[in-house]
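A.B. asks: Residue strings, one per chain:
There are 2 protein chains.
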Amino acid sequence: MFSWRLTHRNLIRPSLTRHFSSPSFMDSVQKSFAALQLNPTSVSHSSTTSPDAWRDALATAQDVPASFELVKTLVYKPKTAKTAVPVPVVVVARESASVNSAAIGKKLNLKDLRLASEDLLKDFFSLDKDSLSPLALNESTFPKVITVVDASIATSSAPLALHALSSSSTIFLSSSDLFKYLRTLETDDVTLRELDLQNLDPATPASASTSKAPAKDAKIEGAVQIAIGVKKEVLLKADMLDYYNVSGCYILKPWSFSIWEEIQKWFDAEIKELGVQNSYFPMFISSKVLEREKDHIEGFSPEVAWVTKAGNSDLEEPIAIRPTSETVMYPYYAKWIKSHRDLPLKLNQWNSVVRWEFKNPQPFLRTREFLWQEGHTAHLTKEEADIEVRQILDLYRRVYEELLAVPVIPGIKSDKEKFAGGLYTTTVEGFIPTTGRGIQGGTSHSLGQNFSRPEMFNIVVEDPTDPTNQRKTYVWQNSWGLSTRTIGVMVMVHGDNQGLVLPPRVASIQVVIVPCGITVNTDAETRTKIENACDELAKMLKKAGLRAKADLRDDKTPGYKFNDWEQKGVPLRLEIGPNDLAKQQTLGVRRDNGVKNPIPLQNISSAVSQLLDTIQGDMFKRAQETYNSRLKEVTKWEDVVPNLDAKNVVVLPWCEVEACEDDIKERSAKASEPTDERAPSAGAKSLAIPFDQSRWTPIEPGKTKCPACGRDAKRWTMFGRSY
Amino acid sequence: MFSWRLTHRNLIRPSLTRHFSSPSFMDSVQKSFAALQLNPTSVSHSSTTSPDAWRDALATAQDVPASFELVKTLVYKPKTAKTAVPVPVVVVARESASVNSAAIGKKLNLKDLRLASEDLLKDFFSLDKDSLSPLALNESTFPKVITVVDASIATSSAPLALHALSSSSTIFLSSSDLFKYLRTLETDDVTLRELDLQNLDPATPASASTSKAPAKDAKIEGAVQIAIGVKKEVLLKADMLDYYNVSGCYILKPWSFSIWEEIQKWFDAEIKELGVQNSYFPMFISSKVLEREKDHIEGFSPEVAWVTKAGNSDLEEPIAIRPTSETVMYPYYAKWIKSHRDLPLKLNQWNSVVRWEFKNPQPFLRTREFLWQEGHTAHLTKEEADIEVRQILDLYRRVYEELLAVPVIPGIKSDKEKFAGGLYTTTVEGFIPTTGRGIQGGTSHSLGQNFSRPEMFNIVVEDPTDPTNQRKTYVWQNSWGLSTRTIGVMVMVHGDNQGLVLPPRVASIQVVIVPCGITVNTDAETRTKIENACDELAKMLKKAGLRAKADLRDDKTPGYKFNDWEQKGVPLRLEIGPNDLAKQQTLGVRRDNGVKNPIPLQNISSAVSQLLDTIQGDMFKRAQETYNSRLKEVTKWEDVVPNLDAKNVVVLPWCEVEACEDDIKERSAKASEPTDERAPSAGAKSLAIPFDQSRWTPIEPGKTKCPACGRDAKRWTMFGRSY
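Protein sequences, first through last, are from chains A and B.
My numbering numbers the first residue of the first sequence as 6 and each following residue consecutively.
My numbering numbers the first residue of the second sequence as 6 and each following residue consecutively.
No lab work stands behind these hints, which were simulated from the structure alone.
The reader is advised that the hints may include incorrect statements.
You can't tell identical chains apart in this list, so a pair holds if it fits in one copy or across any two.
The calculated DSS-like cross-link candidates involving lysine-lysine, where the alpha carbons are at most 30 Å apart (straight line), are [stated by the list, open to error]:
#1 K127 with K477
#2 K185 with K314
#3 K149 with K340
#4 K277 with K237
#5 K351 with K237
#6 K548 with K270
The shape of chain A in the complex, shown without the other chains (with noise of 0.2 Å):
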């Protein structure tokens, strides 16, 4: 028996792992032990394979309590279609519980639940049945499963025995530290199912309605958890992020970030161009000042944190942390603006904000700090105030099309869908091929006179135009913003089975050089040789300002460095063994396509670099046309819906009634319901207004009808779900 809570010494003691045949779990269990300060004894016994054998070996071993009770841990495998994934069902429960899996099944709205076979359980766990315990869930299996627990486990006070992880190793923890552990993997999409084993209604089986939508599309609970959690593995696998104990936060890595900082690298240099100078206000706003607000406010109300405590003082007042900035800098705005010369006035910042969105966070789509830039100015004139809304619409589409090389829409927003309080919103608007729904990308939005006005901000000067000096002008407003929402789209867009596809403009990896071919019959000379033609090659790469990278770790084989960097992403893979250096040549293997080509070592940097280009135009056509395919001329009310269903954006001749708008999202939800209950309910809005409405067949006034409600159409429009 052995102490959990270890000094420096004591972890040293060779002896100590000796109970655990996987080394994962020292890594994993027992450093979230150690953060939880969980203490559990341990014994070694001989080796089990039923819960008799089980018993009678901890009766013959030392240091096992007076009392305690055996866990078993169970895992069933529902009915899916044969292409998805299978998402196993794991349950936790006292040896002695009874478990009716048809009933546990019918709770979860899951079919044909059956025991796994071992092949499934050597895949998902590494490990055989007799040496199954819910420690084998950790932080990298318990996502991709159902995880079931019997409720009554709670009430058990004598320890609970588990394998550790091999079935001659057991470990004690009372219940309560067992839901500790358990609880700790957790994530914001896959938490555990507490389940009255007992107490379950075993009456009918799981529905036997058939499906046509496969499981992982289902509006089921647990199924859908899985559905966003197989996304966010390709997220954690390429190392963009990880979770943070903080629900709705996330952690941006260092291969996420690096995107961003591309991102704002570009756009910065760009709006400095247009006269645009950065700052930084506060991220507090005073309760008086926020409240003064109310009608732009409402929308944010919700979502507003607030700080009502310092130290052990709580505030005189509450102080909100900025949702966006305007009602935090326009009334220095009003204070600097006192003549027509302080005009324009253009400030950004590179902030972060927050917004407590309650509901589904899903990592850079719907987080609750992100990171932003917002840019707010002040114009003399409506005229040179649109002229900027457009002007930084572009650059968004910029950077969406040619840095992330991700295709996007730009037009105007619907009256419904603009910004509280604005004037009009232009928008950028992308497609997510794999969902069939738009996605927002970034607005930029014409405030008008709204904010400027007397009993809002009251942002005056003389009219310049004004012989008599006498003429007061509110000024024009725009404010725009662009967050890190933009990774997650490109993300979306590129992402494959194998992991993430990064366009080589972001890539803080455009080319990682592999050394391939070395066997343990290579001699020393020629490793070295290939290892250093490695380096070398990624250095000179370098000197002609690619970001390149040899991959020398000596404890990976080449096939692990391969699916590492193909999950990571980077778009080009240079490849050099004892055969390539012979011919003074590489084998390049582009992440985009899988197309592989042997280049010429000389001139190489110029050949690669070209090819970037190449992999980089390539990605952008090839969403370009998935984009295009899936954007539907749609005239008549019968063809929204079935469009909706296979996916695509469908472009309405719209007649711009708000009324309309809601009916369409309204019939649109409810059309789709007779189709197939478990499909994504949610009806289609108004993405945007597209600029170029050239594409599209002329609409011919007073003729073209409104497809939805029969008025005349004023301008085509596109319809979808969304993000």
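Keeping the supplied structure of chain A fixed, place chain B upon it in accordance with the hints.
C.D. replies: What follows is chain B alone, placed relative to chain A:
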């Protein structure tokens, strides 16, 4: 009579401005009223020069309230040293109140209050005594005076009559609205003094003891506030920042933020060369995690801001805003670092942190939210970690010395002054000549294994040097941070009576070109020629990579422009007039020393570039000479306090015993009291033990004694009063 809550149409009525003599009234007071949603009535009448005449005039005016009370505004000047800027005392009281200036003087600890001359009124308020009113106090004047309001005004139920900055115009305001307005002018440092004028103790006149210290160094409340206020005036005039309506928070305007950007650009490139990667961690810390680290967090907990609400919901547990990110990051370091191959891990983030200090906020130096970078690295060995501590410190030194032209002394902190929970702290210590105080410039901490220990974050790897592969080793960690305090230090070191002096390397405008010698007699052609020459010169310099600007504002005189850019600290001014043009030259005027020299237009880019280098070098040299001259080698205790009082930093052969350090602080604080009660009372802290000990007389082990306690001296250590 009109309503202050104006509609757009009302505001542009020409008649509206006629009540007000001064346009600045419209600009600042009206905006404040609108912001406060005040709605006062106003009348115009014949000009008045006495209370009786005023009362008479109001009696015949229309729309005057049935009852009201006249308010008088008296301005006094206290006796100060001739060289000091006078700080007027503005007393606002009911017309009927009797004002005892001696009693007020005593209360404020000011001597010989005398009614101010008309000249002083003009200087401060641009008004005569009959037009004066509390409304003359605005954002620009309020910080320069001490404002006393008779507390009994608050009891007035009738509207108060105030001159609307003209003796022929009166505005009616409730007493609560008057207080509301005046309160908006308060800053962290300059607040309203509410005195009960009827019940002041008139017995003795203001302190009769003579004082050698000038008023602005005095420890009396009002005067100290002004002493800080004067410095802040510089920041406001230079357009560096603005005060924000949440106390202790400031707005970094582009003029200061661009300096931060220069520092970021340089430092970021340097740390990336060292293999550091940028990332972003959430600003929130769950109370659990924060409280887990009781030792480390002890120093921060009184200053932690807590979010307890989101929207209208109370959070289940309060969530802290990071005061620093050790506890945010290290749980993930424990997770990510699984093998010695994951080391070193070197992450940095550029972010803001919040330390809710309650006392004496100061722009740049002590703010509740501030910008910084925080680097957090983990290493396999102490040797590697130690090297990095010094590498980073040297980069901090270079930020100060090479970019900001501010000399600093690198050294190590005493154990008492080191980072809470760290192993040792290195620092670059600066010096502010005007106050004779040391200032900590930036710190690079070795955390040792204190945070990686199992009872802390348990960041552990197998020791690769152990042949048995059994030995674990806890990682060696560093953390290091540099904040926008850098800008404050730079301002204080280089600023002069005219305002800022910016070192060329960080100035967002290095060269300003001002057209001169244009008079009413100048013909249009010459004027255009001169302006074009300025414009072209600016373009040429920009092409050569210099940050140049031609100031072609046509509504400002050259004198105004000179003053404007001098206040803002632009390193070099180039003047071009008709004669300069004829001679194909420009007159260069250095901001740092005022030296003027003609510069031929031919090859001017390289001449200007060299001149900027010279300015940068000269600024550093001057500041370094000052620092060196005020760093006093002191070996006898009796020389310590006189040297501190003479605004020096003393370097003592110190014993390095913490009790002695406490003793020095206490004795140096006490000792200063008998000399002058009003002198800054803070004792001397140990600032740093400089790495370079060679500049002082060698310490002979066992012979050289600590002058404070007589123990054996170890190393030369800087002691001084500090920020």
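A.B. asks: Against each hint, give a clear statement of whether it holds in the structure.
C.D. replies: Each hint, compared with the structure:
1. K127 with K477: between (77 Å within a copy, 29 Å between copies)
2. K185 with K314: Classified as both: same-chain Cα gap 28 Å, cross-chain 25 Å, threshold 30 Å.
3. K149 with K340: between (55 Å within a copy, 19 Å between copies)
4. K277 with K237: between (36 Å within a copy, 28 Å between copies)
5. K351 with K237: Intra 38 Å, inter 25 Å, cutoff 30 Å: inter-copy only.
6. K548 with K270: Result: close both inside a copy and across copies, 20 Å intra and 21 Å inter.
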